[in-house]
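Two chains, two frames, some hints: make the complex.
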Amino acid sequence: MATAFNLHRFANPGRFLRLASALLPWLTGGAAVLFAIGLYLALVGSPPDYQQGDTVRIMYIHVPSAWMAMMGYALLGAAGASALIWRHPLADVAGEAIAPVGAGFTFVALATGALWGKPTWGTYWVWDARLTSFLVLFFLYVGHIALTHAFDDRQRGRRSAAIIAIVGLINLPIIKYSVDWWNTLHQSESILRMDGPSIHPAMLWPLFVMIAAFTLYFFAVVVTRMKAMLLEARHRAAAFAR
Amino acid sequence: MSRKRLRLYLVLATLVVLGIATTLVLRALNEELVFFLSPTQIAEKQPDAGRQIRLGGLVEAGSVEKSGETVAFSVTDLSSNVRVTYRGLLPDLFREGQGVVVQGAFDGNGRFVASEVLAKHDETYMPPEVAKALKESGRWQETEGKGTAQPVVTQ
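First to last, the protein sequences are chains A and B.
Residue numbering for the first sequence follows my numbering, starting at 7 and increasing by one per position.
Residue numbering for the second sequence follows my numbering, starting at 50 and increasing by one per position.
Bound conformation, chain B alone (with noise of 0.2 Å):
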């Protein structure tokens, strides 16, 4: 076997037993990787009071009352919901059907507290004439699964 021949492998093997190193550290960190939990995920893990965690999904339609400078809304995955409040500041983009990561944490009494409010954008850009055509003819497709809103785009 040539030297050139020998380092080609050697170089190959490297990248291939980093690949399965990175691969299975990536796994076994799976849970901490994820940047927020599903209100269905929340159901089922039950999370302590007072411990701090990001919760996402949905704002669903018509469950946000504000008062004042407090604001209660529930966040959905479709499936399950968590009623939240916070106090302070909302991003622009926050709105009903509006996909949100909220980081806070339970109280006492099974309400989760918000201490930041961001809105999470999807990934489909278009003008805004085309997205109010697309919700007059109701070819607008609300909130599948993934937890933002997503508008089919057809030219």
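Bound-form chain A, shown alone (with noise of 0.2 Å):
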């Protein structure tokens, strides 16, 4: 198969490296711009909503942060398939070193909401399908975590956590339409809406930002990782060969 062929071009763990060398400044340096024109915007250079006041800049963090947390997932649950059906070598790899950072984003999600949700519901949380869906995605990626390092076999733990991985993927449509489907506290989609955003554009754009600089973000702290990772596991063998 002609695309599976080109896909094992990069798992090369090698040139993986090299690829992850010249990528991971552009990564870090637009992390820092874009983080540093989005939070200016966020805190200072966007108005107070007509309701929440400046409770709203709350938003710039706990939306970033929750498709951080979504799209970690669907990643991981993809890197769960290539692992289990194409045996691809880095696929463990980009799964391990993805989980905690989903995990931390999903964490601040929740965190941001929490704090969102006492000034402006009047509780820090209720159970709707939204928070328990979402909470249910922060266990997802806890398990993933403990799973791989549950055996003293790592490739049992991996295949393990892989199952998980692609079992979980279910839970994200749940996520995404649990406001459409069933009534929530948690409002209903305010950006990816059939009739266009229902935020204003001078807030929609501060969070554009902020949401590329959480993406950039992303990647930077997984690609280390995963760096990191391969070259341990060099390392490694290196030192047993000798």
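These are computed hints drawn from the structure, not numbers from a lab.
Just so you know, even glycine gets a beta-carbon here, dropped at the ideal spot from N, CA and C.
All the given hints hold, so there is nothing to weed out.
DSSO-like mimics (lysine-lysine), calculated; alpha carbons at most 30 Å apart, straight line: (1) A:K182 to A:K124; (2) B:K184 to A:K124; (3) B:K53 to A:K233.
A short, non-exhaustive set of chain A residues, derived as facing chain B with CB atoms under 8 Å: (4) L90; (5) T126; (6) A135; (7) L175; (8) I176; (9) N189; (10) T190; (11) S204; (12) M209.
Structural data, given as structure tokens:
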């Protein structure tokens, strides 16, 4: 199969390491620049909300974190699938690199949501469908991390983790559509709507800059982790051969 | 069939089966998964007095009466409404026309006594000047169905 063959060009860890080293300065540099612009716009350069006042600024952290949490899980599921199906040598490394990062963003989204919920709704937490399914996402990440390290045989651990990554994919559409399928306290989608975003452009643009910054930062951290794990494996192999 | 092919089909089949199973479970649990009932649903169901439920809708304009720490207001979905009494602190966003979710139970006299009032925020975000301008130009659409005020955001 031609596509699989092409993919395997990147399967070579040496090639990936060279690619990672070339990409990383751009990812980290881009993230730093976008964070500087985005944080300025979010905290100073954007207006307060007509109802929430300055509490709305939590959105500039909450929404990008939630997006990274979901994007991270989609990637985790893809990595799990390519590890199980094609035995792609980098897929296990990618899964192990993504999981703690995704769990971190999920935690940030949950925590900032709680801090926003108290002044806006009047409560830190409710068990509505959106909040509950997002908490499940956090547990899926934690389960993935735990399973990866649960066995003395690393390969067995990674395989079990890949299975939970794939199974957990079911949760992503549930999170996304929970606010449409059921009555929830959480408001429905503001950005990806059929009739266009319901966020005023003066707030939407700072949010987009923050999402871009978070995305670059996410990949910078994941690629750095993968690089470190591959170098560690290479080092261990060299030490063993000696 | 190569082993890779076989594993691909296995993973896809697992996802399809899991998807169907999840859909069925979620459909069966539909009633339990909604966070609140609308006044119309409550009128249909006639819940027993004393049973804890959550009621969601808009605070009806002109219905709020405060006397000391007690506040009474009507929650409406524009076709039915429920009269609510509540003792305690209201969230900052509580106001007439605002979406709320109220937890409590009916007392023997058909009055809904709330133990907790939460404000429901809608998905619209805009600067205060824009909201003011929309209201002044009469392009502010209140209360379309979903239980929250939905202003039209246009540039």
